[in-house]
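> Following the hints, complete the assembly by docking chains B, C and D onto the known chain A.
Number of protein chains: 4
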Amino acid sequence: MWDFSTDAEFQEKLDWVSAFVHAEIEPLDLLFPAHDAPYDRDSAVFREVVRPLQEQVKARGLWAAHLPPSLGGMGMGQVQLGLLNEILGRCSWAPMVFGTQAPDSGNAEILAHYATDEQRKEFLEPLLEGRIVSCFAMTEPTGGADPGGFTCTAVREGDEWVINGEKWFSSNARWASFFIVMVITEPENAPYQRHSMLIVPADTPGITIVRNVGIAGWDQPGEGGHAYIRYQDVRVPLENLLGDRGGAFVVAQTRLGGGRIHHAMRTVGMARRALEMMLERAVSRHTQGEILAKKQLVQEMVADSWLELEQFRLLVLQTAWKIDKYHDTHRVRGDIAAVKIAMPTVLKNIASRALQVHGSLGSRTKCRS
Amino acid sequence: MWDFSTDAEFQEKLDWVSAFVHAEIEPLDLLFPAHDAPYDRDSAVFREVVRPLQEQVKARGLWAAHLPPSLGGMGMGQVQLGLLNEILGRCSWAPMVFGTQAPDSGNAEILAHYATDEQRKEFLEPLLEGRIVSCFAMTEPTGGADPGGFTCTAVREGDEWVINGEKWFSSNARWASFFIVMVITEPENAPYQRHSMLIVPADTPGITIVRNVGIAGWDQPGEGGHAYIRYQDVRVPLENLLGDRGGAFVVAQTRLGGGRIHHAMRTVGMARRALEMMLERAVSRHTQGEILAKKQLVQEMVADSWLELEQFRLLVLQTAWKIDKYHDTHRVRGDIAAVKIAMPTVLKNIASRALQVHGSLGSRTKCRS
Amino acid sequence: MWDFSTDAEFQEKLDWVSAFVHAEIEPLDLLFPAHDAPYDRDSAVFREVVRPLQEQVKARGLWAAHLPPSLGGMGMGQVQLGLLNEILGRCSWAPMVFGTQAPDSGNAEILAHYATDEQRKEFLEPLLEGRIVSCFAMTEPTGGADPGGFTCTAVREGDEWVINGEKWFSSNARWASFFIVMVITEPENAPYQRHSMLIVPADTPGITIVRNVGIAGWDQPGEGGHAYIRYQDVRVPLENLLGDRGGAFVVAQTRLGGGRIHHAMRTVGMARRALEMMLERAVSRHTQGEILAKKQLVQEMVADSWLELEQFRLLVLQTAWKIDKYHDTHRVRGDIAAVKIAMPTVLKNIASRALQVHGSLGSRTKCRS
Amino acid sequence: MWDFSTDAEFQEKLDWVSAFVHAEIEPLDLLFPAHDAPYDRDSAVFREVVRPLQEQVKARGLWAAHLPPSLGGMGMGQVQLGLLNEILGRCSWAPMVFGTQAPDSGNAEILAHYATDEQRKEFLEPLLEGRIVSCFAMTEPTGGADPGGFTCTAVREGDEWVINGEKWFSSNARWASFFIVMVITEPENAPYQRHSMLIVPADTPGITIVRNVGIAGWDQPGEGGHAYIRYQDVRVPLENLLGDRGGAFVVAQTRLGGGRIHHAMRTVGMARRALEMMLERAVSRHTQGEILAKKQLVQEMVADSWLELEQFRLLVLQTAWKIDKYHDTHRVRGDIAAVKIAMPTVLKNIASRALQVHGSLGSRTKCRS
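One line per chain: the protein sequences are A, B, C and D, in this order.
Everything in the first sequence is counted per our numbering, starting at 24 for the first residue and increasing by one.
Everything in the second sequence is counted per our numbering, starting at 24 for the first residue and increasing by one.
Everything in the third sequence is counted per our numbering, starting at 24 for the first residue and increasing by one.
Everything in the fourth sequence is counted per our numbering, starting at 24 for the first residue and increasing by one.
Just so you know, the hints here were simulated from the structure itself, not pulled from any lab data.
No experiment lies behind these values; they were computed from the predicted model shown.
It is possible that some hints are incorrect.
The list cannot tell twin chains apart, which means a pair is met if one copy fits it or any two copies do.
Calculated pairs, DSSO-like style, for lysine-lysine (alpha carbon to alpha carbon, straight line, at most 27 Å) [claimed, not checked]:
1. Lys318 - Lys348
2. Lys36 - Lys345
3. Lys363 - Lys348
4. Lys36 - Lys348
5. Lys363 - Lys318
6. Lys363 - Lys317
Okay, chain A solo, but in the shape it has when bound (with noise of 0.2 Å):
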């Protein structure tokens, strides 16, 4: 029967995270600027600062929520993950603190379910561990996310795969120890059914960063955090095959379903500390002789961000509560592709409001001093 709200003992732990990331992590953003720094596992900024946040984390039982209670994880349903995530997404370095980073959450979920114990071992529990960082390597420069345009292939030669191609906006991978690379082996295939997933530690020979891809508006020139890498004769062992030959679709989906909901529960994070700093603005700033809280404008702003928000918020959370009763993100598809596609107009209304009630403190002000 219809509820919107929180049973009591889970709000708890909501209101604990919420407590914790306003105190502890929050400050880090206006800290620490330069955002890709905690990625480097062997940074200070890493080893003093993260790694102690994210003791606390695990110590309240709440690290990596995402996975099922075997692998160290909370095992929650998506209705909790999406509240959960909605917290962390007010800010960029929560995830890493909660052990719920993308790409790696997402790599740790495909691992889980589709690596041997060897592959386990080696990739999944260092990364588990929050020690090493990986990469998952799909799109391509000119196929884009399209996988009928794919075109990096692997072929077997004796006991090794041998990777040949590109691939475009692989995340993290200046700091990855490994990358998991989607390939063509079965090129005779139906086009769902010609790739595979290969497991390609980062030091193999072969392997190109040919520009770190920055976001506009984030990053510097040539230090982006989403690398356009080049595979030439990259040989990995047989035994790197992570899933099916053939099965990479499947991999995939696996790691897709779930990420969407939460992905869109840090947007309703991140876009509702815009409309907070919205808020904050607008009570407090005169311009023309009024509060701008007082000018209809500034109102309409706020009444558009809040029904855009909570409007969002509910969709969002309908779908998580879909795919804990069916249990089937086939079935729910429509409603995650409605979430997926709804997502960006939201935050980019709100995050566009926000910056012109700011004015000109809208602009990039972030700074050390």
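Structure of chains B, C and D alone, referenced to chain A:
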């Protein structure tokens, strides 16, 4: 704990309503295009078509669901009422058949709360039985819906109130047996304590319907259902006061809180019907050698409509759930206001797209032939 | 060299038209709300009101300005016609008073180009004099405006064409003396060489008006001006062919090129009138203790409307200027298409805002009283 | 009389500019991504790349086109300046090469109007020759661009002005040789007569750049071109007053009127370049087995972009034409304001669509490799 489903027992009722509306009421829109006929209690349409359907609803125990059991209603909460109204909103005759036709439904609510025994006997009982029609007269020609601009007054003379002024957009006035008129009786009070409610029988001398205002695109000139009324020395006995002197706003709020939820859920039903028509058209009409459903712009219209409707529906249901939980519409007034402002945009967007997809068939093609 | 002004001599003519329309024609909308009366050439309204006004226009030498001087018109270019139509668009009766009423104006254009001497005498002359009304029948119920989907045919039998099929949205059919009907006569040709134009007198046996389709929000059910017509074994003599066999598209294009500019400039006039009404309302209506003009959201509506209208007007005038310059609508077809798709959005946006600013007064309030 | 064309002689000049910008300047964006280098007059880039190009422009007689001939400019009207700036807007280095780089261009205008002979010699001459860079300091951190909220003051002490306060968003401050600072000198006057302009050499003691504020998505943190500056007991001689005491607004308006037209036309150029990139991408990228150009949603993006750009361009040119005609920016201030508010939306819409059509390639991919 979060739940987005209806309990099985109530769902069964909704299923019956859904089938009944579809089979028995939806066809009436086409059969009897003059949509005001049923308001006339003496019309053949009302006696021969509406009455028998109303009897079926009563026999099922679904009559006037918004009223407390003591008044012959079902005592449903707002969530259940919302889900019921979602179905009734699909077609313009359904609310009348189910005894939830505005403004009679809201008028019955306030009579139930504030009427004296004599008033209940004279006005509420025949209204509940659907034997008469009523009118709520608040809006004014120059003051709109802003009470600060109202000027219609009632002055006490002996044992009578003497009303002078004008009201605007008085729905169903032309068929009503009595009006509930909001008048200034305590001009010296603060703005929101100035008005009282008076029950005015429609045949009281001094009432003139200046014009029956219509809705653009709906009614004939001069034949609309929203009257512009002039009150000149209209006299009613003192005992026709409804509620306290100066208490008109308290009375009015009684009908507006939940009313907005019902309106919103009927809007959801109406928009869903428009979306269904859009879908039917998209899969049946070819142009430029291709079915509409294959065209990206049509697909976008469908996707956007689904998204807007689904999100809005969840917002309305969450608001209904909050009213049920807190039993306090004041506490939930922010949510209710959000529903109110989101509603017309959702309907306008979806209905406009449905018209677009129908092309010139989206024009008024209904006829008797 | 860039110039955004009208030469003084023509401006003087426009000034007379503007004053005449305002003083003599705009009031007719309120005086004679039944907007189809003037189409009936036998009606008192036409004889006593429209005719005398037409005589004044003719006396001024402004009658049928779109026609070449040889046909009694003014031989204006598209820019001048545009500026004239901008004024005529302000009120629904003006085009009829100025002899530029669609579809008669376009029908006269194609008759002037393609009619034989006999056809000119029988159909064009009384049309130019405004003694009869005509109809252009191209659109079909299932094919819409996509010629690839048309099915209405004419088969030659002896010295007659025998027409069978249906047409939809045939404007003014109910008042027309003759129809120009587009029919398939060469089914074996390529799609755009399949059709011919036939002139069909309205009283030819076999023509049935299935329904007079209306525009939503404008006409009564069954009383609209856009007919759904059935042609069953309708026989016309061979000499009623207009233009070449298989040449219907060449004929049709003659009327569509410039016609879209006139429509667009009338739309500019209509939108400007809506904007003026918005402004009048904004400076005369108070709500919540403040004049509407002081509210930022109303100011935004005014500013957005001005911006959309001014920019669109310049686009239309530039397109008209290109047609005048190149004497080749084909070369300018991209611009003409741009005008066509921008037009409805501009009008819809501005008219909607005007309705909003009028509140419930934006409903249909026109009446005879 | 309406004319939408450029005269042949001036068009020839534009053609040369267009070819020169395309061949010589557009490539610089890719070759020298650090877009602030050229502001540094001592940099190799400025000396070796920019200077020689500037000489070519001067040799063609196209240097500093916005200035009167007496100052070495071309004395163009606003329409011609607009058409020139439309080309310069295509690439970020072009204004510098043509001597029309803001804020230097506007600063030169006001120095030309108000400077004493000594000021001209010391500040205007090297500025016109492009030997130094200048800064205009009006906006304040808390007052924004609303003069009513400004607090930076200058108090007279002996033969010096002593400045105290803060300025915000002072473009190019880090490279400037002098600042034109707007300060309160007559606090007892009416708001718009309170301020004076002072010329402040950049090396005057007491000036601190608190932070070099960047534009989100453009600059590095702390490395932007819009400085936050603190003035503490900054002393300049009395003769550094520019214009009259209390006359700062008169001075400021001199640079803002036409400046908005130039900005707008550069924006048109920038948006057109984005549209061209969108088109190139649409005809070269396949996804889901189809070229982007075949997809209706991409076609819609192209059509909407063309429409918005073409209409906006005409509005700007009409406004420029009105300024040229009336020689009175005050009379045309409504049009100028319309241009100002429409401009960012046009650019945002077209640039966003171009980014969308490029997918992840729309991210910042520029690099030296």
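> Next step is simple, just say for each hint if it's right about the structure.
Tested hints:
1. Lys318 - Lys348: neither (45 Å within a copy, 34 Å between copies)
2. Lys36 - Lys345: both (23 Å within a copy, 23 Å between copies)
3. Lys363 - Lys348: For Lys363 and Lys348, only the intra-copy Cα distance (20 Å) is at most 27 Å; the inter-copy one is 31 Å.
4. Lys36 - Lys348: both (23 Å within a copy, 23 Å between copies)
5. Lys363 - Lys318: between (33 Å within a copy, 20 Å between copies)
6. Lys363 - Lys317: Between. Shortest inter-copy distance 21 Å satisfies the 27 Å Cα cut-off; intra-copy 35 Å does not.
Going down the numbered hints, you'll see the structure goes against just number 1.
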